[in-house]
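Since chain A is already given, all that's left is putting chain B with the ligand on it; use the hints.
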Amino acid sequence: MYVGQAIRRREDERFLRGRGRFVEDITLDQPIAHAAFVRSPHAHAAVTRVDTAQAAAMPGVLAVLTGADWTAAGHGEAEGVWPVKDMSGAESRTAYRPLICVDGVIRCVGEIVAMVVAEDRHQALDAAEAVEVTYEEKPANTVTARALDPDTPLVHPGFGTNEVMVTEHGLKAETEAALANAHHVTEVVVPTNRVTAASMEPRAYLGHYDRVNDRYTVWTTNQAPHIVRRYFTKSLHIPEHKLRVIAPDVGGGFGMKLYHYPEEGLVLWGAIVCDRPVRWVGTRSECLLGDTHARDHYTVGRMGFDENGKILGVKFETLAAFGAYESQWQASITNAYHFTMLSCAYDIPAIHTTVRAVYTNATPVDAYRGAGRPEAVYQVERMIENGAQEMGIDPLELRARNLIPPEKFPYQTALGISYDSGDPPALMEKTKALADYDALRDEQAKLRAEGQWMGIGISAFFDMAGAGPVKMMNDLGAKVGCYDVASVRVHPDGRITVFAGSHSHGQGHETTWSQIAADRLGCDIDHIDLVEGDTDRVPMGIGTWGSRSLSTAGMAVYTAADRVVAKAKRLAAHMMECAPEDLDLADGEFTVKGTDRKLSFAAVANASYHSGDRPPDLEIGLEETSFFDPADCTYPSAIHLCVVMVDPETCAVTLRNYWAVDDVGTVINPMVLHGQVHGGLVQGIGQALMEECAYDAESGQYLSGTFMDYAIPHAEDVPSFGLDAHFTRALGNPLGAKGAGESGTIGAPACICNGVTDALWHLGVRQITQPMTPRKIWRAIEDAKRASH
Amino acid sequence: MKPARFRYLRAESVDDALQALADNPDAQILAGGQSLIAMMNLRLVKPACLIDINRIWNIGYIDEEGDGVAIGTLARHNDVKHSPLIRERCPLLTEAYESIAHHTVRNRGTLGGNLCHADPSSEAPAVMIAVGATLELMSVHGKREVGAEDFFLGTYETARRQGEMLTEIRIPGRGADGWAFAEISNRHGDFAIAVIATTLRLANGRCEVARVVASGVGEHAARLKPAEDALIGRPIDDARIDAAAAAAAGAVDPHSDSHADAAYRRDAIAALTRRTVSRAAERCG
Ligand SMILES: Cc1cc2nc3c(=O)[nH]c(=O)nc-3n(C[C@H](O)[C@H](O)[C@H](O)COP(=O)(O)OP(=O)(O)OC[C@H]3O[C@@H](n4cnc5c(N)ncnc54)[C@H](O)[C@@H]3O)c2cc1C
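Note that the protein sequences, when read in sequence, are chains A and B.
All residue numbers in the first sequence are consecutive under this note's numbering, ending with 789.
All residue numbers in the second sequence are consecutive under this note's numbering, ending with 1074.
Source of the hints: derived by calculation from the structure; they are not laboratory data.
Every value quoted in this text rests on a predicted model; they were computed, and no experiment measured them.
Derived DMTMM-like pairs (lysine to aspartate or glutamate); straight-line CA-CA distance at most 20 angstroms:
1. A/Lys776 with B/Asp979
2. A/Lys85 with A/Glu168
3. B/Lys791 with A/Asp25
4. B/Lys835 with A/Glu129
5. B/Lys835 with B/Asp908
6. A/Lys479 with A/Asp629
7. A/Lys471 with A/Asp420
8. B/Lys791 with A/Glu286
9. A/Lys172 with A/Glu187
10. B/Lys870 with B/Glu887
11. B/Lys1014 with B/Asp1026
12. A/Lys242 with A/Asp214
13. B/Lys870 with B/Asp852
14. A/Lys567 with A/Glu589
15. B/Lys1014 with B/Glu938
16. B/Lys1014 with B/Asp939
17. B/Lys791 with A/Glu129
18. B/Lys791 with A/Glu119
19. A/Lys569 with A/Asp587
20. A/Lys234 with A/Glu79
21. A/Lys785 with B/Asp1050
22. B/Lys791 with A/Glu24
23. B/Lys791 with A/Asp120
24. A/Lys776 with B/Asp1050
25. A/Lys310 with A/Glu174
26. B/Lys791 with A/Asp709
27. B/Lys870 with A/Glu716
28. A/Lys598 with A/Asp524
29. A/Lys776 with B/Asp1046
30. A/Lys567 with A/Glu623
31. B/Lys870 with B/Glu854
32. B/Lys835 with A/Glu132
Isolated chain A, as found in the complex (with noise of 0.2 angstroms):
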C-alpha cells in the first residue's frame, strides 16, 4: 500500500535541482516578443488623452495598444464563474474587471491604460515610460467600513450605490429572540485584514498565435487551464476547442491564480496583432498591486450565551470588500464560503448573518487559502474569547461546553450546511494535552505576578472542502460544474500515465496521486507517470482550489484506475480461462485465486492493445476516463492552540507555541499533508501579525508595492509547529479522505488574536484589529488605559 505512506514527493528532485519549468522557462521557435503595461497611479481618476506616438517609434516597438483599440476590435470582459445573486432574487450590480480601461474612468490603482509590446522586455519597459497619459484626478474610498457612507464617492456611479449585493442567511427571528433572552451578550467589530498570496513565482503568460492551423496557445500560470479557456470566450471571444492553455509548473497560487487577469489576456491580444508571440512576466511590484487581493471584511457581531457559557445564538452584520470590480470567483466567498461556516465547531441553535458586497477603489478581492473561512472563524472566535474572558469562563472550558459532540453527526448548522463526521471533543482533548493546557495557564499567572505579559489563544473550527457535489455547488451559486476528472491510459508495455484535470502547483500531486493509482491498479509507483496542466493533453478539469483537488480529480484517479482494473481482469480471464471474480491483482500480476497460476499486467496491457483474441463484447485498448462528481464536499475539522509573548515596553508579539489537530480523513501521504498545514499556518501568521495591502485613506495610493513594505514571515519568525492528528472518515468519496489546504490560514488568525487578546485582558484590551504589529498593539493598550481613567 502507497496511500498513508510518507513517500518522498517525485517532483522535488526537478525543483531542488532548479529544473523546473515555468511560463517564464518556455523556448519557442519564433521569437518571444515582450509585453510591458502602462498603469494608472491613481485611485480614480478619467483619463483625459493618451498618447502614444513617441512611445510607438521607439527603437524595438512592434504595437502600443489601448483601451479604444481593445473596443475597436471588439473584444470584451470575462464573466464571473459565480455570478452574484442579490437576496432579492434581482441582479446584483455587476462590473467585472476590465481587461483595460476602455471607458476613461480608472477606478483603482494599477489599472492597465495602454500596452507597448517590443522587441525584449527592456525596450517595453522604456516606451512604457514614454506613453503620456492625462488623468484628472477625482475623490476615492479604498476604506470597506465607509463604503456606503451618504458622502462617499461611488466607485461606479451608474449604479447611484457602492452596494454590490445584500445576502442573508440564517434564523433571524430565532437569533434576535435568543439574544433577547440570552444571560450575557457579547459584542464585538472586526474587521479582517486585506492580504494577497505573494506567491514565490509571480504571474506569468505568454501568448501564442498559429495562423496556419488558426489555433491559440496561452502559457499561463494558472490553476484551473481548463476555466482559462471558459474566460477567453468572452474577452478575445475565442471558442474553446480553438484555444489550448498550458499551465506548466507553477510556483505557488493559493487561489490567487484563478483568475482571468487584465494581463493573460492582453498578451493573447499582442501575439495576434503583432503576429508574434508575447510574453509577459510580472514584477513583484506589479504583483503585489494587482494580484487580487483577500478578505478585507468588516463585521459587527453579537453573540448571546445563558449563564453556563452555552451559546444561544449568534447574529452578523459584515460588508464584504469587492475593490473595484467583481474578479471572477469573489462571490463565491460571499455567497457559498463565508456564510456557510458561520457555525465552526460550535453547537449553535440560532445564527443569522447579513452580507453587504461593496465596491471601494482598490484591487479586486477573490479568493486566496482559505476563502472567505478565516474570516469567518475569526469572527466567530473573537466573540467566543470576548465572551470567555467576560463571564470569567476559562476560554477552552466554554468552547469544550459548546463543541459538537460526536453522536450529532451528520451535524445540520443553523446555516442548512451538513457536516458529514466528525469529533471535535475528540480534537479538544488532543490538543489539550498536546500542549499541556492546565501548565500553561499556571505558567501565564505565573508570569503575569512577574510582570511579563503572556497569552494563549484557541480556534476550532470546519472547513468546507472539495467541492462539489455539482448540484450542491450549482445552488451555492456556481455555473461551474465542480467536479473533476481523470484518464488512466495504460500503455502497451503496463506503463501508465495518468491525466488529470487538476492542476499541482506546489501541492505534490505528482506523488500522491500516483500513490492512488498504483494502490489500485497493484503497480510499482515508478511506472506511472502523471499529466496535468495542458488542455490538449487532459480531457477537461475544473481545477485545484479550495482543498479539492484530492476529493475530486484524486477520486476521478481511483475510479478510472478501477475501471481499467475491472476490464483488464476480463481480458486476463479470457486469456487465463478463469472468470474475472477469481483473479487478483497486485505487484503487477494476476493471480487465480487459491493457485500459483499468473500472468503479467504488461501481458495483458500488451494484449488489449494487440491481440485479436478477446472476450467478444470488449472493445481494444486499456485506457479509461472518469468524470468524478463527489457525494459531497467534505468537512475537514481542527483546533489550533498557541502561546504568544507580548514585550510590555516595545509591544512586540513572539508567537511562542503553536500546535495544531487537524481531522482530515484518510492522509495519502502524512508528509505532504504536514507541508500544507505548516504553509497554511505561516501565512495565516503572516495575516495575524504582519501581513496588509494598506491604502493611503486620503489619496487611495497603494502603500504595500514591494517586500520591503508588505511583511511576510520569515522561517525565523515562526516557531516549530507542534500536530497531531484525529481521524473520522469523509462520507461523500470512496477514501473517506477530506481535504487539507486551508486548515493552517484559517484557524490561524483567529487563534493568534485570541491569544494577544488574552495576554492584554487584563489592561483592558478587548480587540486589536491584524495585523497585530507593535505600534497596533501599543494604541490598543493606550485606548485601554485612556478609558479606565
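Chain B with the ligand alone, transformed into the frame defined by chain A:
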C-alpha cells in the same frame, strides 16, 4: 520595473574610481548594490552612469588601527558582522548587526554603501555616531575626514560632495566604555521603526560621557542631547534611566507612516533608551 538605461564603468583601483567620478559628474558609485539596484529597478533613481568599485581589491579590509579599527568602505556586512576584531573593539556594531538586513543581503551589501546611502531608519549610522567614528572621503583633489556626527544631513543626504568617494571608516578604541543597541521593527531584519545606540563612560560611579543616538525617528540618525544631559555627572540608577528615557522621548519628533505612528515611535524611543542605558551601564568596565 527594471532599470532605465545607464552607462557602466568598472574601476580597478581607488584612483581609477576617483578619476571616473571626476570625469562623469552624472555618475554614482555601485558598491553592494543592495539599495541602489533596488531603487533603480523601481526606477525611483535613474543614474546615467555607474562606477562599479567591487573589483577594487584593497578596500574591503578590517584592520587594527591603534587601539581602534579601520574598515575599508567595501567590507561586506557579513564580514564586519562576523569579525572577531570588531567584536572585541566595537561590540556595539556586532550587536547592531543582529538587526541589520538578512543574510543574503549582508553577503553583498557593504558598510560604506550603507553609510553613503543614509537611509533614515538604518542602524549603522546610529552606531557610527555613538562610537564617534570618522569617515575618510577622497576625490581627485585629495582627502578629508568627517566625523560621523557631521556626516548625516538628511534622508539619503550626507556631507559627501560631488566627486568624492568614501574610502575608510575609522572607529576609535573603546576603552572601558559600556555599550548597548536595541531596535524595534515589524519583522526581524527589516528596516527599523526605532533604534537606539548608546555608549557610556563611568568615572567614580558617575556618568562622564554619554551618547544616546536614535535612528528611524527623524530624517537621519542623531544624538539625543537632552537624554545624554540627563545622565552626565550622575550615577546611573533607575531614576536617572527614567529621566533619560523621558528626555529621549521629548527630544525626537518622529513621523507617522504605514508602519508606525509618531506617538508609538516616541514611546518606543523611551523604552529603547531605558533598555540600552541600563545595559550599557552594566557593561562599563
Ligand atoms: C531586503 C533588504 C533588507 C535590508 N535591511 C536593512 C536593514 O535592516 N538595515 C539597514 O541598514 N540596511 C538594510 N538594507 C540595506 C543594506 O544594508 C544595503 O546593503 C546598504 O544600505 C547599501 O550598501 P550597498 O553596499 O549595497 O550599497 P549600494 O546599494 O551599492 O549603494 C548605496 C548608495 O551608496 C552609494 N555608495 C556606495 N558606496 C559608496 C562609496 N564608497 N562612496 C560613495 N558613495 C557610495 C551608492 O552610490 C548609492 O547611492 C536592506 C536591504 C535589503 C535589500
